[in-house]
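> The primary structure of each chain is shown beneath.
Number of protein chains: 4
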Amino acid sequence: MSIRIIITGGTFDKEYNELNGQLFFKDTHLPEMLKLGRCVVDVQVQSLMMIDSLEMTDEHRQAIADACIASAEDKIIITHGTDTMTNTASFLQEVVQGKTIVLTGAMIPYKFGSSDGLFNLGGAMAFVQALANGVYVAMNGRYFKAGTVRKNKATGLFEAL
Amino acid sequence: MSIRIIITGGTFDKEYNELNGQLFFKDTHLPEMLKLGRCVVDVQVQSLMMIDSLEMTDEHRQAIADACIASAEDKIIITHGTDTMTNTASFLQEVVQGKTIVLTGAMIPYKFGSSDGLFNLGGAMAFVQALANGVYVAMNGRYFKAGTVRKNKATGLFEAL
Amino acid sequence: MSIRIIITGGTFDKEYNELNGQLFFKDTHLPEMLKLGRCVVDVQVQSLMMIDSLEMTDEHRQAIADACIASAEDKIIITHGTDTMTNTASFLQEVVQGKTIVLTGAMIPYKFGSSDGLFNLGGAMAFVQALANGVYVAMNGRYFKAGTVRKNKATGLFEAL
Amino acid sequence: MSIRIIITGGTFDKEYNELNGQLFFKDTHLPEMLKLGRCVVDVQVQSLMMIDSLEMTDEHRQAIADACIASAEDKIIITHGTDTMTNTASFLQEVVQGKTIVLTGAMIPYKFGSSDGLFNLGGAMAFVQALANGVYVAMNGRYFKAGTVRKNKATGLFEAL
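If you're matching them up, the sequences are chains V, X, A and S in order.
Residue numbers for the first sequence follow this note's numbering, so the first one is 844 and each next one is one higher.
Residue numbers for the second sequence follow this note's numbering, so the first one is 844 and each next one is one higher.
Residue numbers for the third sequence follow this note's numbering, so the first one is 844 and each next one is one higher.
Residue numbers for the fourth sequence follow this note's numbering, so the first one is 844 and each next one is one higher.
In case anyone wonders, no lab produced these hints; they're calculated from the structure.
Hints may be right or wrong, so weigh each one.
Which copy is meant is left open, because identical chains are indistinguishable; a pair holds if it fits in one copy or across any two.
To be verified - Below, a list of computed lysine-lysine pairs in the DSS-like style, where the Cα atoms sit at most 25 angstroms apart:
hint, residue 1, residue 2
1, K988, K942
2, K954, K878
3, K942, K996
4, K954, K988
5, K994, K942
6, K988, K878
7, K954, K996
8, K988, K869
So that you can see chain V by itself, here it is in the shape it has in the complex:
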């Protein structure tokens, strides 16, 4: 069994530029995080884009869908900014069939030490193996079917519609 991990950016992979005090994207930390987790699952990590999810357009979403459809693996994790993660989940549910797709992300950059990202990645890795075909959002230790979930902007938590 092999699992595809599609990287799209989001808080997960942000870093701090110490020269100008801005957050920015460099490389994905996914391989480092999987190593930290002593994860031995066979994975294919695919860096598709590195963007804030607030900047994600339907063209970006189509590119993600295309990558899911083209994937030889039928278990797919997508790392994604939290702000529009539920939108992308709904989009994918319309156009990708026959695969288990789990979107996850982080509220705090992994590099900032107290990230929820490692916990979420462990969860996504488990959900993608154990859940039936479909598109899911996995955050806060829970999972939701695409189309049944929203991010509560006041609390930062994901909740059922």
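Dock chains X, A and S against chain V, hints included.
Leaving out everything else, chains X, A and S in the frame of chain V:
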């Protein structure tokens, strides 16, 4: 839905005593780890014992089984030292029915900063929600049915029998 | 012997707001950092302001100078943003006499895990005890007399004029 | 100006062996710590030995003294286990002249995330530049002349005799 988390000790919860340089148990870090993971799943954390799994006897295992049977929640995570985790899983499989039980642990203490524990806890939290009734070991991003898994002492990794 | 620590803000004390992805100031981390360093020096921590050093005006600098003059302790550490730290040092040198004043800061927020702040704080604590009266900038393991140092904006390092 | 850093082991550089749960020495973390501290002081790092200070004999201490005497740099930092750091300081004071020597260490291994080592290293780097010739112990934000200090085994803190 509520999940019971039974604490038994293991590397997960070890700390460093800076006065004598020894590792020791104080309190469980589970609540802190769940908070770090922004986990909002309803959990009942039960500190049953705080021991090295090398010291775990069948009396200890019976106490764990009793706690599982008494649990009002039918989804149960058990944190456990890795050395005899598979033994306890097999023991529980014999005596506990009708529940989903996931054993997990860590190779490095959570307090040592680079622990696999947070990744494993995220995975256990997901597996316990998504897997059918039965007893499982969740380590290294994977899950195994009790009785089908061993720890490879040379690599520290869990693998199928 | 007692040492006064005057907090003015800077990268040192910035935190990440996980709801909007912005950096912001909440409370100073100085007491926590001193505890982490097992520091037992008697200190008076004074939170004077919490600002970016790019926003620091001469009114702010006068307030810092007033705090230094009013200080009963003649050994003073000032935490300060790095962008205008050398300006404040020069300002203080003109108006404060008879005290040892060490300005320090950080390139990365302490909360981001890989901060240089703890190293710099250890250095400032040492320099303020061991150097003669005067105003100094302590960064990158080095110290400079006020008026003899600049921050190299390309490298982020402090260097002699 | 260049500073010699002589590594002798101690808690500073201990790591956790995840296969057997024991602490052990591998390589020194000094270069990594100096990088983290954005330290640009010119340093010569010399790994002389990697031992617990409880195992340190007078032969070891003579080897350290020889290294200090042979050092082209007259400013020397020695990383050392805390248990017998004051003994080594007294030994060196008898046999090394004309140099500033600062011994420091850590109560918690650097790799365990909450180490006092980075704070202490920043302090040692400062003291060695600012103090007159002599042998000193730098711990807990303070410095002591060799022969005037002991480690309080109950508190783990260094204090004046």
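> Could you run down the list of hints and mark each one as holding or not?
Cross-check of the supplied hints:
{"no.": "1", "hint": "K988 - K942", "result": "both (13 angstroms within a copy, 24 angstroms between copies)"}
{"no.": "2", "hint": "K954 - K878", "result": "both (15 angstroms within a copy, 16 angstroms between copies)"}
{"no.": "3", "hint": "K942 - K996", "result": "neither (29 angstroms within a copy, 35 angstroms between copies)"}
{"no.": "4", "hint": "K954 - K988", "result": "neither (29 angstroms within a copy, 34 angstroms between copies)"}
{"no.": "5", "hint": "K994 - K942", "result": "within (24 angstroms within a copy, 31 angstroms between copies)"}
{"no.": "6", "hint": "K988 - K878", "result": "between (29 angstroms within a copy, 24 angstroms between copies)"}
{"no.": "7", "hint": "K954 - K996", "result": "both (23 angstroms within a copy, 23 angstroms between copies)"}
{"no.": "8", "hint": "K988 - K869", "result": "neither (31 angstroms within a copy, 37 angstroms between copies)"}
When the structure is compared with the earlier hints, violations turn up for hints 3, 4 and 8 and for no others.
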